[in-house]
Amino acid sequence: MQVPIDLPIVCPIVIGRTAELTALHLLLERAKSVTGQVVLLSGEAGIGKSRLAAEAKTDATAQGFLLLQSQCFPTDRSCPCAPLLELLRSHFATSSPEQVATEMGSLAPALSPLLPDLLPRPSDLPPLPPLAPEHEKRRLFAALAHLFLRQATKQAVLLIVEDLHWSDETSLDFLHFLARRCAASPLLVLLTYRSDEVHPSLSHFLAQLDRERLAQEFALAPLTQSEVSTMLSAIFALRRAVFTAHPLLQGDLLDAMYSITEGNPFLIEELLKSLIEAGDIFYEHGHWQRKELGEWHIPRSVQNAVELRTAQLSEGARQVLNLAAVAGRHFDFALLQALIQHDEAQLLRLLKELIAAQLVVEESAEQFAFRHALTRQAVSAQLLVRERRALHRTIAETFERLYASSVEAHLADLSFHFSLAGAWEKALEYGQRAGEQAQALYAPQAATLHFTRALAAAGHLSLTPPASLYRARGLAYETLGDFERARADQQTALQLAHDASDRHAEWQALLDLGLLWAGRDYAQSGDYYQRALILARTMDDPAALAHSLNRLGNWYLNVEQPQEALHCHQEALATFQALSDRRGKAATLDLLGMASFLSGDLIQGTTSCQQAIVLLRELDDRQRLISSLVTLMMCGGVYETETLVPAAVGFVDSLHFGEQALKIAGEIGSRSDEAHTLIQMAMYLGPHGEYAQALEVAQRGLAIAEEIEHRQWMTAGHRALGALYLDLLALSEAQQHLEQALALAQEVGSWNWIRIISGFLAPTYLLQHDEASADSLLTAALEPDAVMQTLGQRLVWAARAGLALARDDPHLALHITDQLLASAVGLSSESSIPRLAKLRGEALIKLKQAAEAETILQDARTTALKHGLRPLLWRICLTQGKLAHAQRRYEEAERHFAEAQELLEDLASSLPDQTFHQHFLHHAQALFPRTRQPSAHRLAKKIFEGLTERERAVAALIARGKSNREIADELGVTPGTIQTHVSSILSKLHFSSRTQIAVWAMEKGLANEAV
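So the sequence shown is numbered by the numbering used here: it starts at 323 and just counts up by one.
Calculated from the structure, these hints are not laboratory results. Don't be surprised by glycine CBs; every beta carbon is placed ideally from N, CA and C.
Here are the computed lysine-lysine pairs in the BS3-like style, where the Cα-Cα straight-line distance is at most 30 Å:
| no. | residue 1 | residue 2 |
| --- | --- | --- |
| 1 | K985 | K476 |
| 2 | K379 | K354 |
| 3 | K476 | K354 |
| 4 | K1204 | K1188 |
| 5 | K1204 | K1170 |
| 6 | K985 | K1188 |
| 7 | K1168 | K1188 |
| 8 | K379 | K674 |
| 9 | K1168 | K1204 |
| 10 | K379 | K476 |
| 11 | K1188 | K1284 |
Pairwise CB distance ranges, derived in the manner of DEER restraints:
| no. | residue 1 | residue 2 | range |
| --- | --- | --- | --- |
| 12 | A687 | A543 | 35 to 43 Å |
| 13 | D942 | D532 | 26 to 34 Å |
| 14 | A703 | G601 | 18 to 26 Å |
| 15 | S525 | V356 | 30 to 38 Å |
| 16 | Q852 | H1133 | 38 to 46 Å |
| 17 | A543 | V936 | 54 to 62 Å |
| 18 | E684 | E637 | 18 to 26 Å |
| 19 | E1105 | L783 | 53 to 61 Å |
| 20 | D849 | L1149 | 37 to 45 Å |
| 21 | D942 | P396 | 32 to 40 Å |
All chains, full assembly: derive it from the sequences and hints.
Right under this line is the structure:
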């Protein structure tokens, strides 16, 4: 007896996924209670992702969810927003245009360009104001997210996108955008992807979700042999009156099945069906039996399984199958009907035959799909190359004819099919148009695919491609971090432009190459910028000249030629002002802000950034705005600026600039800006003692920089961690990071980075009593007669003062610090630079000038206290204590030591790692004199059960009913630091609530004390 081909061989139950099913059910319940979540299902092809997603859909439907679902296809990598378009079209498939417009409401204008067939723009409706491409993308994302979130307020939503490994970059960017906004909505986003086919864009997307903790992932493992046995039993038990197969499932068959499929559920089903169809498993005498292993052939791949199944099909069904396999995994009924030229009844009959053969599934009335991508690939592989090429041409020409009125929506498909058809003129046309469309939609990976097809087509036609085509692909490669391919394309663009005597294109190529090399080799970068400037001066194009000046100026800045940099930027600014070019002016002010910052003038840097920010907000230039906000934060005082007068901006305001920049970087998906912002936030948080947050953001920033292989930000990240570890006296870790940063800086050839890093690495050597290494490093970093202007130069000179003190040469140390103070921009008689004042005080102590030392140290203490520089403050207090102790003023010395100790313990309490906490305290306390008497501060601490002064202040404010945010604002720290203090208080007092802390503080009389 033969098994009918329409008898499905599909496991009726889900095997080996109990934990995942339970978790998905709970997540659906949580989503329904307005706690949204993103869920990832990952694993190899056929592992059961789609089956698990189907179970989630069944569960969601039972709980009253609205289902929104789509899938990605292989051609979608080069088709921007493809799964989103499919999802929306599927959702509105049964709606009239009026119903669609009503549901879209005010979102219709923003979404009309994405769905022109569903949302035609009325002729009397004015267009939305044009925006820069990145902002158009942002507007589209905001509208889409609002549509889904608004729907979720009416009915809980399960949004499913399957096969993300084929997704385009723009869709991934949107899903990240949505993931950040769904936590407070009844929206569960379920995404699936093949873990063994992760392309760079998907890897970046997954890393973003991991870093921001936006998703919960279930990595599906293959079934165990026991689970395979259970699965086979379930399949054969589907018809209990017929299937009595338990003996069949033991021994060699199970071992062979498990060995061949390796526990992959789809392959098990495919292989089992092929064995039954080939007669290797057969029904006889009321039971299912099998041939001996030596007598029947076990297919070695899905290819063989598909071949066996297709052999049972009619000729018409095979023709439909072949066409569909070339068209793609998912295919429209209308397209197939146009290709096959059958009436609807005939085509439906053939499709039913394919469904019965378990090759195809129905997704909707208009769309069908292969049951699995592996099935489509196996069918396609059966065709000869010549056959596939002919079918691709037929499909492409049918696309052109069917969608003549909406060809823009099908550029990616036309590029794909005409290219594989070898129709080179059409492939060139559609490849270039599809690439430009992908770039406009921020899908660089898709853009490279289409541009490559266009260039290949030009080659087949013996045409010389335009320089613009190579430039476009080169820029896409640069965005993807593919330096070598980007360089090759830009070099080709440069040569083509030169050969064509196109000076503007040649100038643009030189600038592109200069910017490309800036992250790797400043010598190469500078050469290209110089050539671009020379060319610009011959072009009678003032704007091009100004842009060249800005690029060259930024290069001068990084090679430590600040005067040349400022001159270039000022000339560019004058040009843009004369041209009334507000965008050019804003960009130049941003660059001037950074130039002033690195040149040691934080006051002017602040002014330039503030002016730039006003213009950039008006222009809605969000990417450039990030740069100005970060520089403005840094002008408020970071580790590098400890030899300068900071801008008069408070801690909370300065940190807010950084937080704004980070938020914008996340919203526009700029990984480079995100890395830069995080790293510079660490450099700002560290000097204020916010160690836990500083370490966390520095590590995140470095991880992103390494992921995108951005050499400058990798250098900056290691520099930031090195500075933090130096501050925390973790000298081995500091040295490791700083030496790595120095090596990167030397590779890039940036004297700015080399000197800044040397300014941190030399003190690291000195604290380890390695004066020789410090001296060698500083000598290599800066000439002995160099000026003291830039950040890097001043840090090196400050390190030389420290080296002089270590070598017991206080005269040299005093001379250096006096010169540094005299050359500091904006220093007045009423202000102080605490780090330099501390160095000067230590030199004066060694010179037995105690009175002057005492005065300058007190000024340093006052300024450090005013600006909340707690790590520097405890060091100043320690130095004051040593001075008082040397003068036999023991009680005063003890007060200074006690204050330093309190500050230390307060700083250490914020460190999340207890071992790190103890290491910091141990190495810091080793710097204190050995003989000390109990002080009033220490006695007070004992009375208050071990709470530090800062913890007592927090307890007092809790007793006054203040929230963590209000306490943070009052004490000038972050809410995260306050939460750390609260946790420490609860632990020390053995309490479990803030109410207990408040009662205790009132009992101790703290609630009425001034904070």
